[in-house]
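S.K.: We have chain C already, so just place chain Z on it with the hints.
One letter stands for each residue in the lines below.
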Amino acid sequence: MTVVKLRDVTRVHGQVRALGGVSLEVSAGELVAVMGPSGSGKSTLLNLAGGLDRPTSGAVEIEGRDLAAVRDLAAVRRRSVGYVFQDLNLIPSLTAAENVMLPREFDGVPARRARTEAMVALAEVGAEETAGRFPEELSGGQRQRVAIARALAGERRLLLADEPTGALDTATGDEILRVLRSRCDEAGAAVLLVTHEPRYAAWADRVIYLRDGLIVDAADVRLESAR
Amino acid sequence: MIPVLVAALRVSRRDALRAKGRTALIMVMIGLPVLLITAVLTSNATTDVSPRERLDSVLGSADARLVTLPLRTPVKQDLSAEYVRQPKAPRPDRQWTPAEIGRLIHGRLLRYQQNATEVRVNGGYDRVEALEVDLRDPMTRGMRTLVEGRFAAAAGEVAVSPALTDLGVRVGDTLAVTRQDRPLRVVGVVQNPNRPGRAELVGLPESVLGHQNDGNSSGWLADTSAPVLRADVRRLNQAGLAVYSRELIERAPRGGADDWRGFGLSIGPPEERLIGLGVGVVIVVAETALLAGPAFAVGLRRRRRELAVLAAQGVSGRQLKAVVLADGLVLGGAAVLVGVVLGVLTGMAVQSAGARWMDWTQGPLDVPWLQVLATAALGVVSGLTAALVPAVQASRQSPAQVLTGRAGVDPPGRAGRPVLGTVLVVLGAGGCFVAARRDQLAVSVAAVVLGLGLIALMPLVIRSTGRLAGRLPLPLRLAVRDASRHRVRTASAAGAVMAATMTAVALGLFAASSAAQREAGRTSLVPLDTLTVGVRVSQSDEHWSRLREETERLLPGTPTVPGMVATNHRGEELDLRPARADRQCTGGQRCRPVWEWPVVVGDEKLLRSLLRRDDQRAAAALARGDAVAFGPELVHDGTIELAVGVLGADSFGGGQVRTLTLPAVVATPAEAAQSGVLIGESALKAAGLRTAERRLYAAGVTADRDSLWRALDAVSAGVYVDVERRWDEDTVPVLFLMLGAAMVLVLGGTFAATGLAAADMRQDLDTMSAVGAPPRVRRFVVAAQAAYISGLGAAVGLAGGTVAGAAMIRAGRNAGGLGWRPSEPEIFDIPWVFLAGLVVGLPLLAALMAGAFTRTRQARARRVG
Numbered sequence: 007m008t009v010v011k012l013r014d015v016t017r018v019h020g021q022v023r024a025l026g027g028v029s030l031e032v033s034a035g036e037l038v039a040v041m042g043p044s045g046s047g048k049s050t051l052l053n054l055a056g057g058l059d060r061p062t063s064g065a066v067e068i069e070g071r072d073l074a075a076v077r078d079l080a081a082v083r084r085r086s087v088g089y090v091f092q093d094l095n096l097i098p099s100l101t102a103a104e105n106v107m108l109p110r111e112f113d114g115v116p117a118r119r120a121r122t123e124a125m126v127a128l129a130e131v132g133a134e135e136t137a138g139r140f141p142e143e144l145s146g147g148q149r150q151r152v153a154i155a156r157a158l159a160g161e162r163r164l165l166l167a168d169e170p171t172g173a174l175d176t177a178t179g180d181e182i183l184r185v186l187r188s189r190c191d192e193a194g195a196a197v198l199l200v201t202h203e204p205r206y207a208a209w210a211d212r213v214i215y216l217r218d219g220l221i222v223d224a225a226d227v228r229l230e231s232a233r
Numbered sequence: 014m015i016p017v018l019v020a021a022l023r024v025s026r027r028d029a030l031r032a033k034g035r036t037a038l039i040m041v042m043i044g045l046p047v048l049l050i051t052a053v054l055t056s057n058a059t060t061d062v063s064p065r066e067r068l069d070s071v072l073g074s075a076d077a078r079l080v081t082l083p084l085r086t087p088v089k090q091d092l093s094a095e096y097v098r099q100p101k102a103p104r105p106d107r108q109w110t111p112a113e114i115g116r117l118i119h120g121r122l123l124r125y126q127q128n129a130t131e132v133r134v135n136g137g138y139d140r141v142e143a144l145e146v147d148l149r150d151p152m153t154r155g156m157r158t159l160v161e162g163r164f165a166a167a168a169g170e171v172a173v174s175p176a177l178t179d180l181g182v183r184v185g186d187t188l189a190v191t192r193q194d195r196p197l198r199v200v201g202v203v204q205n206p207n208r209p210g211r212a213e214l215v216g217l218p219e220s221v222l223g224h225q226n227d228g229n230s231s232g233w234l235a236d237t238s239a240p241v242l243r244a245d246v247r248r249l250n251q252a253g254l255a256v257y258s259r260e261l262i263e264r265a266p267r268g269g270a271d272d273w274r275g276f277g278l279s280i281g282p283p284e285e286r287l288i289g290l291g292v293g294v295v296i297v298v299a300e301t302a303l304l305a306g307p308a309f310a311v312g313l314r315r316r317r318r319e320l321a322v323l324a325a326q327g328v329s330g331r332q333l334k335a336v337v338l339a340d341g342l343v344l345g346g347a348a349v350l351v352g353v354v355l356g357v358l359t360g361m362a363v364q365s366a367g368a369r370w371m372d373w374t375q376g377p378l379d380v381p382w383l384q385v386l387a388t389a390a391l392g393v394v395s396g397l398t399a400a401l402v403p404a405v406q407a408s409r410q411s412p413a414q415v416l417t418g419r420a421g422v423d424p425p426g427r428a429g430r431p432v433l434g435t436v437l438v439v440l441g442a443g444g445c446f447v448a449a450r451r452d453q454l455a456v457s458v459a460a461v462v463l464g465l466g467l468i469a470l471m472p473l474v475i476r477s478t479g480r481l482a483g484r485l486p487l488p489l490r491l492a493v494r495d496a497s498r499h500r501v502r503t504a505s506a507a508g509a510v511m512a513a514t515m516t517a518v519a520l521g522l523f524a525a526s527s528a529a530q531r532e533a534g535r536t537s538l539v540p541l542d543t544l545t546v547g548v549r550v551s552q553s554d555e556h557w558s559r560l561r562e563e564t565e566r567l568l569p570g571t572p573t574v575p576g577m578v579a580t581n582h583r584g585e586e587l588d589l590r591p592a593r594a595d596r597q598c599t600g601g602q603r604c605r606p607v608w609e610w611p612v613v614v615g616d617e618k619l620l621r622s623l624l625r626r627d628d629q630r631a632a633a634a635l636a637r638g639d640a641v642a643f644g645p646e647l648v649h650d651g652t653i654e655l656a657v658g659v660l661g662a663d664s665f666g667g668g669q670v671r672t673l674t675l676p677a678v679v680a681t682p683a684e685a686a687q688s689g690v691l692i693g694e695s696a697l698k699a700a701g702l703r704t705a706e707r708r709l710y711a712a713g714v715t716a717d718r719d720s721l722w723r724a725l726d727a728v729s730a731g732v733y734v735d736v737e738r739r740w741d742e743d744t745v746p747v748l749f750l751m752l753g754a755a756m757v758l759v760l761g762g763t764f765a766a767t768g769l770a771a772a773d774m775r776q777d778l779d780t781m782s783a784v785g786a787p788p789r790v791r792r793f794v795v796a797a798q799a800a801y802i803s804g805l806g807a808a809v810g811l812a813g814g815t816v817a818g819a820a821m822i823r824a825g826r827n828a829g830g831l832g833w834r835p836s837e838p839e840i841f842d843i844p845w846v847f848l849a850g851l852v853v854g855l856p857l858l859a860a861l862m863a864g865a866f867t868r869t870r871q872a873r874a875r876r877v878g
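Residue numbers (my numbering), protein chains in the order written: chain C, 7 to 233; chain Z, 14 to 878.
Simulated from the structure, these hints should not be mistaken for lab results.
All values derive from a computational prediction rather than experimental measurement.
Cβ atoms here follow ideal geometry from the backbone N, Cα and C, with glycine treated the same way.
The reader is advised that the hints may include incorrect statements.
Quick list of simulated restraints, FRET-style, between CB atoms [as the list claims (entries may be wrong)]:
| id | chain 1 | residue 1 | chain 2 | residue 2 | range |
| --- | --- | --- | --- | --- | --- |
| 1 | C | A117 | Z | A772 | 45 to 53 Å |
| 2 | Z | T435 | C | S33 | 22 to 30 Å |
| 3 | C | P98 | Z | I288 | 45 to 53 Å |
| 4 | Z | L750 | C | R77 | 51 to 59 Å |
| 5 | C | A74 | Z | T435 | 34 to 42 Å |
| 6 | C | A177 | Z | A390 | 51 to 59 Å |
| 7 | Z | T780 | C | P98 | 56 to 64 Å |
| 8 | C | A117 | Z | A849 | 57 to 65 Å |
So that you can see chain C by itself, here it is in the shape it has in the complex (with noise of 0.2 Å):
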């Protein structure tokens, strides 16, 4: 089943053309690795893809539902599509768990219920003994894990991680992949992981390589042997 799906889409800021036409679907289950040098166009690609920012031209698909027919984005952001990003994730003054629980109250679930499913997304990344310290009393590893499952807390299972690594050495890197791997295999969730090592890219189940907002290249087979 297809969760996001990208069609011929562009997007160009003033004079520049951050991405020139660029189609991808991701489906439930598959990680998926963009790679490609800075200015290629890796995070405009995940911004337009969670709906963070409309296309110039194409289209985008979110669990069968064209992004230009809605108007309010930040409702899809809410119920479908989780952001990880490389740093400053967190709000470093609430909890672990009230960080998880944010987007579900934002959409108006009680905040008894939304810490309950908190707690189930921290269990399931395996974090779930951070549920009462703040961010500043975290390691790198484990703020990305809270990271991953305020994406994942509810019902959401697009995940958009844009350079999660970027901040942590290998084996703590490693983890997180750990991680997004399993919850891709355990829960379904389809993930677009924007790197740039291809340590990291080989847990995907395909890697696309961008250029000049142009996708140039791509693998389908797991570079396993990068790992």
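M.R.: For chain Z alone, coordinates are given in the frame of chain C:
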């Protein structure tokens, strides 16, 4: 909606606890006005003592106070027997007796008397209250608290209040009471629970005052078997007694309208009060929100990425707005809570000090909760208003741009609301012009509109000045560019400075002009700094000699000049005044009524003293027996007509006035404000009148009038003492007070914004230091930030304040206030020093202080990882 609100409030609360510096800053900005207003309200309400709260100090434990009156006609009185009316009738030749009172009301009676008297303390006589009642009687329990010693138990004994012990009176001393210096021994110290600061003596009946002949406040306290009801009061009123009944006062409903007194709402018609209140609310909320605004703007900038991450997780623009507004609610609410608590405590402390040291009345602690809650609501509204612009910005930010680092500090597009600002400025300025023909309330409404317009235009002004920064030296260029980039933060702080400056300029212009107008209307016989001492002719020659000696002793080295008063053959003092005023005075000439032309009797020495020079022609005329007039208005065909009547005999209304026509010359006085007529002793003698020396003049006196009066009054009661001073002198403290208030707001607003800017710029400044900039450049940059914010606000405020001030002056004149007379020219006085201090001095001070307190040490670079 509720889960969203709960989450937003949680984020705000936790964020407030993390960013303690910013939280403290915002709480001070919002909480301080709430604290001050609450303190004033609490202090006012506690000072305002109701008849119910006064019951104990007036009645003790008695049921009623029966007030005897000199007449015995039926009495009409208010509930607390403060206002009493009686039809006139011949005064009875007997006084009330306890037996007579006992026939009117059943119960035990206790005699009391109350009046003012004088006590000799520290070489002078001080006026004090005297209460005569036997405080040992249980019926007086609660009237006065015994602080030290015991209550008076015999006729020669008295207890004093703490205000007298402050003057050095001690238990065991003998006090000289009344002008007869009657000795009374001090046996104790007692305090009035409602007037702890009042100077008071308490003794047994007739031990201090003598019998009051049923007048002043005298009568009986009554301990009755049943409460004194309305019917009893009517019956006693009918017999000629006023009654203060515990029962009736305890049962009286509380005045609902009184609850609004603290806001000054009891003055003027209701719609004017409402408009006045509205103007006050807008000014307080706007100023508070502007002062707190920069901290919210900086808070938003620091949280941008955090908010963008929230947006990425699906938080909508409206919800982001709610998150930022929740900051305003949380910080405003916390500030209000702290402000109210500290305000009540401050109000209590101020009230206690005021009651003890400044003789304020004092009731039980009274917090007017309705008004305090309204103030608290204003504080919360101020917090929300301050968070509004950052909240709107947060809702409009593009998460994708923020997350990819492409978002500008403040969006470069539109600068504030220039169209709205222009419309408001035009409306406000035009409104001031129109309102100047109406009244000051209309002007204040128009001035608020003008001020709001200028605030709305501030971002545009900042952007415009930012474009000119290229030609400035490096520190100033950096500061202006940075301020221009962070438009919201800068506009808010400059707006706060602008509003404070505008208010101070408008009020300063108005105060200076009205004082100048008052000074222009001042008339005086004597030049400035001249002391006049005088007594009635009824005082003996010996008294007068002692006064002269004492005056000369008090002013060593200052020559004195004697003056005379006219008397008739019976020795009665005569009042001389011009018989008619010239009605023809027009144009630039001042038109003074006759009572502003004092007529004095004296010789050549007095003439020289009044003119402060020799005038041979006037001296010759005086010696001839002619009059010398200090102005041409009263002299007609070389003569002047004076009306002569017995002083205080109301003779000017009757027929006992005689007219005295004297040849007269006009002499130009030393000062334009001088007016009057000087006549010689010989002229009066020629008219069959006599003279007596009862005046003394001394030029160049710098001593304080009140201290001179106190010293001379101790020699002779009823002495008249005056030192001629300018009438605009008291404007200086008013202007200083306004400058001080403006300084607090200007420096507060500037430092808050500058501190936040300096923290924001730390990285830039470190980079500058890294490329070789000396430490002083950091100081210059921060000082330039402060100068830019306060200077810009002050300059715009000066423009707005000038328009509003001019309109206020014109409106004040139209309303006929400030002592303006239609014949006098309109005066627009510009207090240059005050304005320079406000518009140049304060920004300079802000810059100097900001520069002086800047940390110049570069932050040590940290290696990451």
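S.K.: It remains to establish, for every hint, whether it holds in the given structure.
M.R.: We went through each hint and held it up to the structure:
Between A117(C) and A772(Z) the beta carbons are some 34 Å apart, a value that contradicts the proposed interval 45 to 53 Å. Separated by about 57 Å at the C-beta atoms, T435(Z) and S33(C) break the suggested range of 22 to 30 Å. Taking 45 to 53 Å as the suggested C-beta distance range, the pair P98(C) and I288(Z) conforms, at roughly 47 Å. Judged by the Cβ atoms, the range 51 to 59 Å given for L750(Z) and R77(C) holds: they are separated by roughly 57 Å.
One distance hint, 34 to 42 Å for the beta-carbon pair A74(C) and T435(Z), holds here, with the actual separation near 39 Å. Distance hint check for A177(C) and A390(Z): the Cβ-Cβ separation is about 56 Å, which falls inside the suggested range of 51 to 59 Å. In this structure the supplied range 56 to 64 Å is violated for T780(Z) paired with P98(C), their Cβ-Cβ distance being about 26 Å. The beta-carbon spacing between A117(C) and A849(Z), approximately 59 Å, falls within the hinted interval of 57 to 65 Å.
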